[in-house]
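Enquirer: Please put together the full structure from these sequences, using the hints given.
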Amino acid sequence: MSSPNKRPNIVLILTDDHASHAISAYGSVVNRTPRIDEIAYAGVRVDNCFCTNALCTPSRAAILTGTHSHINEVTTLDTPIDASQPTFVSLLKEAGYRTGIVGKWHMGEGEGHNPQSFDYWAVLREQGEYFDPQILTEDGVRIEPGYATDIITDLSLNWVDSLEGDEPWCLLIHHKAPHRSWEPDDKHKGMYADEKIPVPGTFDDDYATRSMAARHATMRVADYLDLKDLKVAPPEDLTPEELALWKYQRYMEDYLACVASVDDNVGRVIDWLRDRGDFDDTLLMYTSDQGFFLGDHGWFDKRFMYEESIRMPLVVSYPNAIAPAGTISQLVTNVDFAQTILDATGVEPHERMQGVSFWPQLTGSDEPTQDSIYYRYYENDDQHHHALAHYGIRSDRYKLIYFYNDGMGLPGSSDHVYPPEWEMYDLQEDPEELNNVYHLDRYTQIRDELKVRLWQLQADLGDAPHSSQPVPAGAMVN
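Position 111 of the sequence shown, counting from 1, maps to 111 under my numbering, and the rest follow consecutively.
None of these hints come from the bench; they were simulated from the model.
Incorrect hints may appear among the rest.
Stated by the list, open to error - No farther apart than 27 Å at their CA atoms in a straight line, the calculated lysine-lysine pairs in the DSS-like style are these:
| hint | residue 1 | residue 2 |
| --- | --- | --- |
| 1 | 231 | 189 |
| 2 | 93 | 6 |
| 3 | 187 | 228 |
| 4 | 187 | 231 |
| 5 | 228 | 189 |
| 6 | 196 | 231 |
| 7 | 228 | 196 |
The model shown is predicted, which means the values in this text are computed figures rather than measured ones.
Expert: Given below as structure tokens:
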């Protein structure tokens, strides 16, 4: 490792719903991802990276703007971004970077919502298609023949190859995969069909100590994966237990095959950077917009503030500044990405950005970043996944969640609503979050301290507690 003598190029590869526990560098037991792992071995694996709102659209807005959802105003899948907001990309462009984005945008289309501050953009329309995707550019819409993961990589590398001059560039490669409905290409389709994929130990979680929110979510693999997801009807005469495991196997076969294609394309980017002689001078980041349930607690999808949903993979290399094969365990969020990238390039962040740069930790510091992180899920989805609105705080050891539910009705009833409920987990004693300890006497003191810290963190970030949340004893009220 040598000291960088020029500003780094930036490559941020962002996938959709790729759980860190489906990456072998993070210890996956279900698949191997040798090319994503290569970034970790050349640089750093971040072990405690979390999203602040586990949905595609809000997470992407948080990454770009360096702000929480209540600041950038992208709170749900249906709230488009004001793309004129300051972003790390707009600041890099002002500082002389050439900027491009290819792939999934998914933050609205049309005037005011299309990508801004990019010299080049070629994005999927809305969620996008796996095969022959529609590509939206400044010149309009075209259909690009082929498989989306390959096409996104092709267009990304072609744009950089077309550049002239020595100014640095920033490229965002935003893949659709491995988003539902998990459609592999021919090269990878069926690659796991002959393997018995390990079933998570929490697959049969009965949610016995949890709130109603968990018990009534419509995300169970056994009950809510449909024929479009599975691609083939299940065998007849299976018991309910056998059917659940059959659905899990089918789900994971296609999910992991989509991941394999992503891994191959990450390898293409690495090889291309090496061939250009740019690998050592490039800040290369691989991440996903949130985590995903891979049968954990019996679920697929995300949304909840449980670990598998909010934990993001993040591996980072930049050989001229980052030592190889490192790990950092400090708390990091997607809101921190913008300030970290700007810190690496020597560009000052915008004053509204709320993140904490973890560039010092990537380059060798063992100092803490933040003592806790704030999460808020707004969507209160009563149509599809029945995930209730909630927010909470996660420290190194504990997690406190407040399900405020926002008036969602109980299933089958128009007369009652879910009452607000608390959950608390001791992640040291219960890393799989099976036991809600909120009501246990031995946790009373830490529970009350977490309530105060949550209140303070909301105030510090400019967010407002829900009207149903009591002011905790000891909280400072303005």
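Enquirer: Against the structure shown, which of the earlier numbered hints fail to hold, in ascending order?
Expert: Structure breaks no hint.
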